[in-house]
Amino acid sequence: MPKITYIDHGGSARTVEAAVGSTVMENAIKNSVPGIVAECGGACSCATCHVHVDEAWKEKVGPPSAMEEDMLDFAFDVSPNSRLSCQIKMTDALDGLIVRTPERQG
Amino acid sequence: MGSEQADRMNETAKRATLKTDAVIIGAGPIGLFAVFELGLVDIKAHLIDVLDKPGGQCAELYPEKPIYDIPGIAVINGQELVDRLLAQIKPFAPTFHLGERVDGLTRTKDGGFRLTTELGTEIEAKVVVIAAGGGAFEPKRPPVPGLEAYEGKSVFYSVRKPDAFRGKNIVIVGGGDSALDWTLNLVPVAKRVTLLHRRDQFRAAPASVNKMHGLVAEGKMNFMLGQLHALEGEGGKLARVLARRGDNSTFAIEADALLPFFGLTMKLGPVARWGLNLHEERIPVDTEKFQSSAPGIFAIGDISHYPGKLKLILSGFHEAALMAQAAHAIVHPGKKLVFQYTTTSTSLHKKLGVA
Ligand SMILES: Cc1cc2nc3c(=O)[nH]c(=O)nc-3n(C[C@H](O)[C@H](O)[C@H](O)COP(=O)(O)OP(=O)(O)OC[C@H]3O[C@@H](n4cnc5c(N)ncnc54)[C@H](O)[C@@H]3O)c2cc1C
Ligand code: FES
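Chains as they are written, first to last, in this note's numbering: chain A, 1 to 106; chain B, 107 to 461.
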């Protein structure tokens, strides 16, 4: 199974195994990874699952959709690497993905 | 909600305390269905929700997403479910108080309850049904250091009286309808309005965006690209808003007031202050009456807690039905409750207006 590493604001890293097709948000919640709130449960309507995708993975993960970009307006400290983790679906090509969680989700 | 409407409601409230059988706190799917179950047993209800529309999470968080586990309906989206619930409860003509948060809940001398909202509406009821779900929706607060000191003094999440901003330098942050609408409304009133947004694209209605660009072209307001970074001022009095550009450089905007619009989040809020027993931010209830630790105060839907509780709409519907039976004993003491089917009961048909 592909792996995801979450690095929190303090710099601690946690690596989890993720089923292909599951989202980066779902795997954080399932494994109690802190720093992701996911208030709307993945409906792309709360922006409390905001992550910064590691520069090395940015291209493979791809840019946010128009709807996700709109919702990112509700996130804080948005960067060019910002994504909503409920909108990133895991594939084998994303094995080893690194994302950083922000200090606060709101 | 418009400030005029709020003022009008305020005045109404000052004139008289409203009286009813039951007040339902929260107009989510479960609060809505509670109107139906209470109505069947002759209990009149008022609904109060801080959102400006009914439907709770279904309407606010996933209006267009499909739900697959409503019994008898293979698939329905959030808003459709809310619309159908509204149609179903229509015969019972509940009174809605939208855009108002219930702040106070106290017991009256006669054993009933008095509820007060942040806008000053006062309602007395014989029973209270808390259907507050995941908590009250409230504006997201931007994570800038020292924000608390400015809140209510220079930082506002809604505008009640636009006139309070007369002659002031205002910074509005966001790109949605709230941000754009208030920008357009406050330009004629304020000394200077600056709209701060992280990109040159907007969720807001294109017509508002065009108007905003027009005002900028006429030199009547400013639009700046950037993200909120820090606040400068003293004793809650704002002096400058610091913003950050995409390249991480910062700039300052002179400001007397800041209006950030970052959407909504659910917070338990006032429910925690009503002296009820709580378990991990939820209200423990028994599974016969769905009553809280305070007799006469019921809790149903996501806010309730009991062994085996599932935060599902179908569970909340069941909770509403049993709660109504228990509420009947309080609202209509001594009156016998006969179990009846909506299919066949002529007395229920009358109540439903299908006789
Ligand atoms: C993305 C998503 C998908 C979901 N999918 C399903 C599904 O497929 N099936 C299913 O069964 N469930 C689903 N759910 C869960 C379902 O939406 C909830 O169980 C349901 O909304 C709970 O209804 P409720 O009426 O108890 O509370 P809510 O819907 O949370 O409504 C509570 C209302 O109370 C208001 N309120 C709270 N406190 C106050 C106060 N002090 N004053 C005024 N108003 C107040 C709030 O503003 C809110 O509007 C989903 C939830 C989400 C987020
Ligand atoms: S979980 Fe709400 S937007 Fe991702």
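Just so you know, these hints were derived from the structure itself, not from any lab. Keep in mind that this is a model prediction, so the values were computed, not measured. Just so you know, even glycine gets a beta-carbon here, dropped at the ideal spot from N, CA and C. Hints may contain errors.
[To be verified] Pairs of lysine-lysine residues, derived as DSSO-like cross-links and limited to a Cα-Cα distance of at most 27 Å, are as follows:
| no. | chain 1 | residue 1 | chain 2 | residue 2 |
| --- | --- | --- | --- | --- |
| 1 | B | K215 | B | K417 |
| 2 | A | K89 | B | K417 |
| 3 | A | K30 | B | K441 |
[Stated by the list, open to error] Distance windows between CB atoms, simulated:
| no. | chain 1 | residue 1 | chain 2 | residue 2 | range |
| --- | --- | --- | --- | --- | --- |
| 4 | B | R346 | A | M67 | 30 to 40 Å |
| 5 | A | N31 | B | G217 | 44 to 54 Å |
| 6 | B | Q307 | A | A13 | 49 to 59 Å |
[Unchecked claim] Pulled from the structure, derived: some chain A residues nowhere near chain B, Cβ distances all over 12 Å:
| no. | residue |
| --- | --- |
| 7 | M1 |
| 8 | D8 |
| 9 | D70 |
| 10 | D73 |
| 11 | R100 |
| 12 | R104 |
A quick look at each hint next to the structure:
Our distance criterion of 27 Å between C-alpha atoms is broken by K215/B and K417/B, whose separation comes to about 35 Å. Distance hint between K89/A and K417/B is fulfilled; the C-alpha atoms sit about 25 Å from each other, no more than 27 Å. Between K30/A and K441/B the CA atoms are separated by roughly 50 Å; this puts the pair beyond 27 Å, and the hint is violated. As the Cβ distance of R346/B to M67/A is approximately 34 Å, the hint placing it in 30 to 40 Å holds.
For N31/A paired with G217/B, a C-beta distance near 49 Å keeps the hint of 44 to 54 Å intact. For the pair Q307/B and A13/A, the supplied restraint of 49 to 59 Å is violated, since their beta-carbon distance comes to about 34 Å. With a least CB separation of 27 Å from chain B, M1/A remains clear of the 12 Å interface cut-off, as annotated. For D8/A, the requirement that its beta carbon stay farther than 12 Å from each beta carbon of chain B is met, with the minimum near 15 Å.
Residue placement check: D70/A does not keep its beta carbon more than 12 Å from all beta carbons of chain B (closest about 5 Å). Residue-level check failed: D73/A sits 5 Å from the nearest beta carbon of chain B, not beyond 12 Å. For R100/A, the condition that its CB be more than 12 Å from all CB atoms of chain B holds, with the nearest at approximately 16 Å. The non-interface label for R104/A is inconsistent with chain B: the shortest C-beta to C-beta separation is roughly 4 Å, within 12 Å.
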